[in-house]
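Engineer: In order, the protein sequences belong to chains A and B. Positions in the first sequence are counted from 1; adding 675 to them yields the numbering used here. Positions in the second sequence are counted from 1; adding 36 to them yields the numbering used here.
What the hints contain is simulated information worked out from the structure, not anything from laboratory work. A portion of the hints provided could be inaccurate.
Straight-line C-alpha distance at most 27 Å; calculated BS3-like pairs for lysine-lysine [claimed, not checked]:
1) A:Lys809 <-> B:Lys142
2) B:Lys141 <-> B:Lys70
3) B:Lys141 <-> A:Lys809
4) B:Lys70 <-> B:Lys142
5) A:Lys809 <-> A:Lys792
6) A:Lys898 <-> B:Lys142
7) B:Lys70 <-> A:Lys792
8) A:Lys792 <-> B:Lys142
Just some of the chain A residues that point at chain B, by a computed CB distance under 10 Å [unchecked claim]:
9) Thr727
10) Ile754
11) Glu771
12) Asp781
13) Tyr811
14) Gly827
15) Glu896
16) Ile900
17) Val913
18) Met916
19) Thr947
Using N, Cα and C, we set each Cβ at its ideal position, and we do this for glycine too.
Given next are the chains, with one letter for each unit.
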Amino acid sequence: MTYAFQAEGLVKRFGSTTALSGIDLAARQGSILGVLGPNGAGKTTAVRILATLLRPDAGTATVAGYDVVRDAERVRRVIGLTGQYASVDDDLTGTENLVLIGQLLDFRTSDARARAKELLSHFELADAADRPVKTYSGGMRRRLDLAAGLVGRPDVIYLDEPTTGLDPVRREDVWRIIRTLVDDGVTVLLTTQYLEEADALADDISVIDQGRVIAAGTPAELKRIVGGQHLDLRPTDVARMADAAAILADVAGQPVESPGRGQLTVPVADDTALTAAVARLDAARIGVAELSLRLPNLDDVFFTLTGHGTTDTEEDAA
Amino acid sequence: MSTTLTAPNDITRARTPSTTRPFGLVRHSVALAKRSLIKTRRTPEQLLDVTLQPIMFVVLFVYLLGGAVAGSTHDYLQFMLPALLTMQVTFASVQTGINLNDDIKKGVFDRFRSMPIARSAPLIGSVLGDVIRYVISIVVLLGFGSLVGFRIETNPMSALAACLLVMLFAFCMSWIFVLLGMLVREPGAVQGIGFLALFPLTFGTNLLTPTDTLPGWLQAWVDVNPLTQVMAAARGLMVDGPVAGPVIHTLLWSVGLLAVFFPLAVRAYRRRT
């Protein structure tokens with residue numbers, strides 16, 4: 676199988692801190708690899724090595740077949756970088772930022788202008804094109820960040836926490852943009868601390884914690900690690916909670932938990948439990964506001980894998 | 037945004053053939069110098085040190101010290117202004133280091149570093165872009181100077197040569213501050229350390245007073261101080277005094293500073309993570 680990028684055994688230390696202690700990452704061409712972990716897990720360090728900004732202390736990484744240390748120049752020709760550490764310039768306008776990047780990529784000035792215009796209208800920034808970036812809203816800035824990474828039509832794009840700090844609506848906007856990138860055959864490395872984001876976008880997920888990959892697989896595979904499906908129930912009448920809980924316990928043969936007020940959840944062996952629960956609740960005349968069968972979410976996955984949940988360890992080292 | 041996102045193919049895939057064009061370092065540096073100029077234009081408050089400060093120094097020095105040192109403010113103005121011009125332009129070069137440090141902190145340079153351009157291009161671009169600061173500083177100083185009575189006693193060409201020589205020296209010297217900008221954490225520290233180094237260099241000359249009035253140890257310092265040579269060259273080219281010796285010394289110092297600090301600055305930039 677050919678990988679768009681591949682990292683093996685990357686180690687990076689900063690003084691006495693070990694940011695990466697031997698991680699492997701790989702993404703097929705045209706896929707999104709989600710790198711999921713809390714602050715300080717080493718996500719940004721991994722991206723910076725793959726973007727030729729840092730040299731690994733041990734291990735190797737290749738992008739489009741080129742070694743990130745020996746062939747850094749070639750790697751830089753095929754990558755686009757976006758995120759918390761590769762910023763656009765606040766004092767320049769959207770157009771000026773993108774034209775500058777085009778010029779640095781050896782576009783003729785006219786081509787650089789055309790490309791900037793094309794990207795700005797694609798990302799719905801045409802109206803703000805001639806305003807300094809410092810007047811942009813958070814969402815506009817992220818879109819410009821994304822556009823800046825795309826000027827050179829890269830084969831591989833690194834998105835380092837592209838939605839951190841955005842409100843949910845803006846986040847969905849950025850997600851839509853990211854999905855369109857892979858439709859064009861671009862390979863994306865997405866780092867995130869949002870489990871929901873990795874789940875929504877990534878074809879494969881590597882969960883990293885304290886500089887190690889602690890799990891890797893498709894979102895569904897990761898969810899399966901935690902175990903089977905859960906049945907969630909929210910009765911309309913809170914007074915009938917005890918009755919409803921008894922029915923679920925009976926159907927599932929497992930103890931029922933109440934994760935929140937008016938909510939019940941129970942692990943179930945298969946989806947026949949759903950029909951059984953519907954029939955029994957109906958017979959007992961318990962009204963149902965919500966009844967669903969779900970895989971565990973990625974928060975559950977992280978907890979199972981690390982035993983410590985997604986609490987931040989420390990600020991990202993680099 | 038769904039409507040515009042339905043035809044993304046031409047956005048990411050349709051590669052325009054970007055032929056590798058020659059003189060990459062020059063073109064990239066010029067593009068980055070333009071960026072630096074735009075930033076200067078948008079943040080005019082950063083120009084206070086090259087607009088109001090020269091005027092303040094002229095007023096302070098000429099009217100505070102002129103009578104005591106030279107017996108007349110006009111004579112003192114003729115004596116001091118070429119040296120003050122040297123000092124101002126040298127001061128202006130510190131800002132390059134401050135700006136670069138800020139750029140790195142903000143992450144703007146990480147994008148440049150992830151691009152297929154020479155490592156030195158962003159640094160050269162910033163230093164070149166800041167030449168405008170030298171020009172403004174000189175125009176303000178000469179403009180205000182002539183308003184209060186300064187006269188070029190040589191000729192315009194020679195005065196122009198003085199300005200260019202001072203700018204060349206400041207350009208070469210600014211690589212020290214670029215290096216400093218790479219080595220310290222905060223823009224404020226660049227400023228602090230930069231001026232700590234600049235005060236003995238600029239004031240430890242015959243800027244304000246003739247050297248023979250100084251104690252011996254200070255005379256020794258003044259004699260080896262490169263700024264003394266630059267100031268003497270500027271004085272010679274604008275008013276009167278020896279020219280050839282100071283000019284040659286200034287050129288040698290310029291080349292020397294560039295040869296030492298340019299590679300060091302680029303290396304520090306490469307290593308900064």
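Engineer: Next, verify each hint and record whether it holds.
Structural biologist: Going down the list of hints, with the structure as the test:
Distance restraint check for lysine 809 (chain A) and lysine 142 (chain B): the Cα-Cα separation of roughly 13 Å lies within the 27 Å cut-off, and the hinted pair is therefore satisfied. Distance hint between lysine 141 (chain B) and lysine 70 (chain B) is fulfilled; the C-alpha atoms sit about 20 Å from each other, no more than 27 Å. With a C-alpha separation of about 16 Å, the suggested pairing of lysine 141 (chain B) with lysine 809 (chain A) holds against the 27 Å cut-off. Between lysine 70 (chain B) and lysine 142 (chain B) the alpha-carbon distance is near 19 Å, which keeps this suggested pair within the 27 Å criterion.
Between lysine 809 (chain A) and lysine 792 (chain A), the direct Cα distance comes to roughly 19 Å. Compliance with the 27 Å bound is thereby established for this hinted pair. Simply put, lysine 898 (chain A) and lysine 142 (chain B) have alpha-carbon atoms about 37 Å apart, too far for the 27 Å limit, and the pair is violated. In summary, the hint linking lysine 70 (chain B) to lysine 792 (chain A) is supported, as the alpha carbons are separated by about 19 Å, within the 27 Å threshold. Restraint check: the Cα-Cα separation between lysine 792 (chain A) and lysine 142 (chain B) comes to about 25 Å, which is no more than 27 Å; the hinted pair holds.
The beta carbon of threonine 727 (chain A) is positioned within 10 Å of a beta carbon in chain B (closest approach about 6 Å), and the interface hint is therefore held. For isoleucine 754 (chain A), the shortest C-beta to C-beta distance to chain B is roughly 6 Å, which falls under 10 Å, so the interface hint holds. Interface hint status for glutamate 771 (chain A): upheld, as the beta-carbon distance to the closest one in chain B is roughly 6 Å, under 10 Å. Residue-level restraint check for aspartate 781 (chain A) holds (minimum Cβ-Cβ distance to chain B is 5 Å; threshold 10 Å).
The beta carbon of tyrosine 811 (chain A) comes no nearer than 14 Å to any beta carbon in chain B, farther than 10 Å, and the hint placing it at the interface is violated. Because the beta carbon of glycine 827 (chain A) sits about 8 Å from the nearest beta carbon in chain B, less than 10 Å, this interface hint is met. For glutamate 896 (chain A), the suggested interface contact is broken, since its CB lies about 29 Å from the closest CB of chain B, more than 10 Å. With a least beta-carbon distance of about 34 Å to chain B, the hint placing isoleucine 900 (chain A) at the interface is violated under the 10 Å criterion.
About 40 Å separates the beta-carbon of valine 913 (chain A) from the nearest beta-carbon of chain B, more than 10 Å, and the hint is not met. At its closest, the beta carbon of methionine 916 (chain A) sits 42 Å from a beta carbon of chain B; the interface hint therefore is violated under the 10 Å criterion. Among the interface hints, the one on threonine 947 (chain A) is violated; its C-beta lies about 39 Å from the nearest C-beta in chain B, farther than the 10 Å criterion.
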